[in-house]
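Could you put together the complete structure from these sequences and hints?
Residue strings, one per chain:
2 protein chains.
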Amino acid sequence: MGMGQQRERGFKLTPQRAAIMAYLEGNRSHPSAEDIYAAVLEKYPMVSLATVYNTLEILKQMGKVTELNIDGERKHFDPEIEPHHHLICTRCKKIINVRKEFDLEVPRDISREFKIMDRHADFYGVCSDCDNGAEKAA
Amino acid sequence: MGMGQQRERGFKLTPQRAAIMAYLEGNRSHPSAEDIYAAVLEKYPMVSLATVYNTLEILKQMGKVTELNIDGERKHFDPEIEPHHHLICTRCKKIINVRKEFDLEVPRDISREFKIMDRHADFYGVCSDCDNGAEKAA
DNA sequence: TTCTCTGCAAATGCTTTGCAGAGGC
DNA sequence: GCCTCTGCAAAGCATTTGCAGAGAA
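Going down the list, the protein sequences come from chains V and D. Everything in the first sequence is counted per our numbering, starting at 77 for the first residue and increasing by one. Everything in the second sequence is counted per our numbering, starting at 77 for the first residue and increasing by one.
Source of the hints: derived by calculation from the structure; they are not laboratory data. Since we're looking at a predicted model, the values are computed, not measured. Check before you lean on any hint, since a few could be wrong.
[Claimed, not checked] Label-pair ranges, simulated between beta-carbon atoms:
| no. | chain 1 | residue 1 | chain 2 | residue 2 | range |
| --- | --- | --- | --- | --- | --- |
| 1 | D | 167 | V | 124 | 29 to 35 Å |
| 2 | D | 122 | V | 117 | 46 to 52 Å |
| 3 | V | 105 | D | 136 | 25 to 31 Å |
| 4 | D | 88 | V | 159 | 44 to 50 Å |
| 5 | D | 101 | V | 117 | 23 to 29 Å |
| 6 | V | 149 | D | 204 | 32 to 38 Å |
| 7 | D | 102 | V | 179 | 26 to 32 Å |
| 8 | D | 137 | V | 188 | 34 to 40 Å |
| 9 | V | 139 | D | 101 | 24 to 30 Å |
[As the list claims (entries may be wrong)] Just so you have them, the derived chain V footprint on chain D, three or more residues with Cβ under 8 Å:
| no. | segment |
| --- | --- |
| 10 | 142-152 |
| 11 | 183-196 |
[Said to hold, decoys possible] Short derived list, chain V residues pointing at chain D, Cβ under 7 Å:
| no. | residue |
| --- | --- |
| 12 | 113 |
| 13 | 114 |
| 14 | 134 |
| 15 | 148 |
| 16 | 174 |
| 17 | 176 |
| 18 | 180 |
| 19 | 189 |
| 20 | 190 |
| 21 | 191 |
| 22 | 192 |
| 23 | 193 |
| 24 | 194 |
| 25 | 195 |
| 26 | 199 |
| 27 | 203 |
Where a beta carbon is used, it is the ideal one built from N, C-alpha and C, also for glycine.
Spelled out as C-alpha cells, the structure:
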C-alpha cells in the first residue's frame with residue numbers, strides 16, 4: 077500500500093498502523109473492522125479495535141481504502157483502488173469483486189443537479205455453497 | 077399499497093400498520109425507520125418505534141418494501157417495486173431515484189457460481205443545495 | 001517539551017428482543 | 001379462550017469518543 081504521500085504533517089506510521097496496512101495490502105476478502113482486528117491481533121497482540129477504526133478512517137481519508145455499504149449489517153473495507161463492483165452472498169455474506177465495466181451515466185436532469193463523485197453496481201445473490209445443502213460457510 | 081395477499085395466516089392489519097403503510101404508499105423520500113416513526117406519530121400518537129421496525133420487517137418479507145443500504149449510517153426503506161436505482165447526497169443524505177435502465181449482467185464465471193437475486197447501481201454525489209453555500213439542508 | 005497515537009472503557013446510535021397486557025374473532 | 005399485536009424497556013451490536021499515559025522528535 078505504501079505510505080508515499082501522507083494525510084498531512086504529523087502522520088505516524090506506527091507498528092499498529094503498519095500491521096493493519098500490511099493486512100489490507102492486496103487483500104480481496106473485503107474484511108469488516110472486526111475481521112481486520114482479529115487478523116492483525118494474531119500477529120500483533122498490541123492492537124485495539126479503536127485503533128483499527130481510527131486507522132481505517134485515516135486510510136479512507138487518504139483514499140487508500142474504500143468503505144463498502146453492500147452489507148447492511150456492518151461496513152466492509154476494500155483496499156483496491158481500481159474501479160470495480162461487488163456481489164454479496166446474502167446467506168454467508170461473502171463479498172466478491174465483479175470486474176466489468178458498466179455504463180453508469182445518470183440522466184442529464186440529475187447530473188445537472190448533482191455532482192457525482194462515485195458510482196458502482198451492487199449485486200445480491202446466493203453462492204453455490206449456500207445454495208446447495210444447508211447453510212454451511214455461515 | 078393494498079393488502080392483497082398477506083404473508084401468512086394470522087396477519088392483522090392493525091391501525092398502526094395501516095398508518096405506516098399509508099405513509100409509505102407512494103412515498104419517494106426513502107425514509108429511515110426513525111423518519112417513518114416521526115411521521116406516523118404526528119397523525120397517530122399510538123405507535124412505537126418497535127412496531128415500526130416490526131412492520132417494516134413484515135413488509136420486507138411480503139416484498140412490499142425494499143431496504144436500502146446506500147447510506148452507511150442507517151437503513152432506508154423504499155416502497156417502490158419497479159426496478160430503479162439511487163443517488164445519495166453524501167452531505168445532506170438526501171436520496172433520489174435514478175430511473176434508467178442499466179445493463180447489469182455479471183460475467184459468466186460469476187453467474188455460474190452465484191444465483192443473482194437483485195442488482196442495482198448506487199450513485200454518490202453532492203446536490204446543488206449542499207454544493208453552493210455552506211451545509212444547509214443538513 | 002510538544003505532538004500524535006494507543007488502549008481502555010464509556011458512550012452513542014441504530015436495531016432487536018422479551019414480555020405482560022390489550023384487542024379481535 | 002386463543003392468538004397476534006403493541007408499547008415499553010432492556011438488550012445487542014457496530015462504531016465513536018474521551019482521556020490519561022506512552023513514545024518519538
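Interface restraint verdict for residue 203 (chain V) against chain D (beta-carbon cut-off 7 Å): Holds, because the Cβ-Cβ distance from residue 203 (chain V) to chain D comes to roughly 5 Å (cut-off 7 Å).
Cut-off 8 Å, C-beta pairs, minimum 3 residues; does the coverage of the segment 183-196 of chain D by chain V stand? Since 10 is at least three, the answer is holds.
Is 32 to 38 Å respected by the C-beta to C-beta distance linking residue 149 (chain V) and residue 204 (chain D)? Cβ of residue 149 (chain V) to Cβ of residue 204 (chain D): about 33 Å, so the range 32 to 38 Å holds.
Would you check whether residue 194 (chain V) satisfies its interface hint, that is, whether its CB is within less than 7 Å of any CB in chain D? Check passed: Cβ of residue 194 (chain V) comes within 4 Å of chain D, closer than 7 Å.
Falls inside 26 to 32 Å, the C-beta gap from residue 102 (chain D) to residue 179 (chain V)? 30 Å, holds
Classify the hint on residue 174 (chain V) as holds or violated, based on whether any CB of chain D lies nearer than 7 Å to its CB. At 6 Å from the nearest chain D Cβ, residue 174 (chain V) passes the 7 Å test, so the hint holds.
Residue hint residue 199 (chain V), partner chain D, criterion CB-CB below 7 Å: Hint holds; residue 199 (chain V) Cβ to chain D Cβ min 5 Å, cut 7 Å.
Agreement of hint residue 189 (chain V) with chain D interface, Cβ distance less than 7 Å: Nearest chain D Cβ about 5 Å off; hint holds.
Can the suggested window of 46 to 52 Å be confirmed for the beta-carbon pair residue 122 (chain D) and residue 117 (chain V)? Since the Cβ atoms of residue 122 (chain D) and residue 117 (chain V) sit about 48 Å apart, the hinted range of 46 to 52 Å holds.
Given residue 193 (chain V) was flagged as interface, is its beta-carbon under 7 Å from a beta-carbon of chain D? With Cβ-Cβ at 5 Å, under 7 Å, it holds.
Hint check, residue 195 (chain V) versus chain D [nearest Cβ-Cβ separation less than 7 Å]: Residue 195 (chain V) check passes; min Cβ-Cβ to chain D is 5 Å, inside 7 Å.
Next item in the hint list is residue 192 (chain V). Is there a CB on chain D closer than 7 Å to its CB? With a closest approach of 4 Å, the residue 192 (chain V) hint holds.
In summary, the structure is inconsistent with hints 5, 9, 12, 13 and 14 from the numbered list given earlier, while agreeing with the others.
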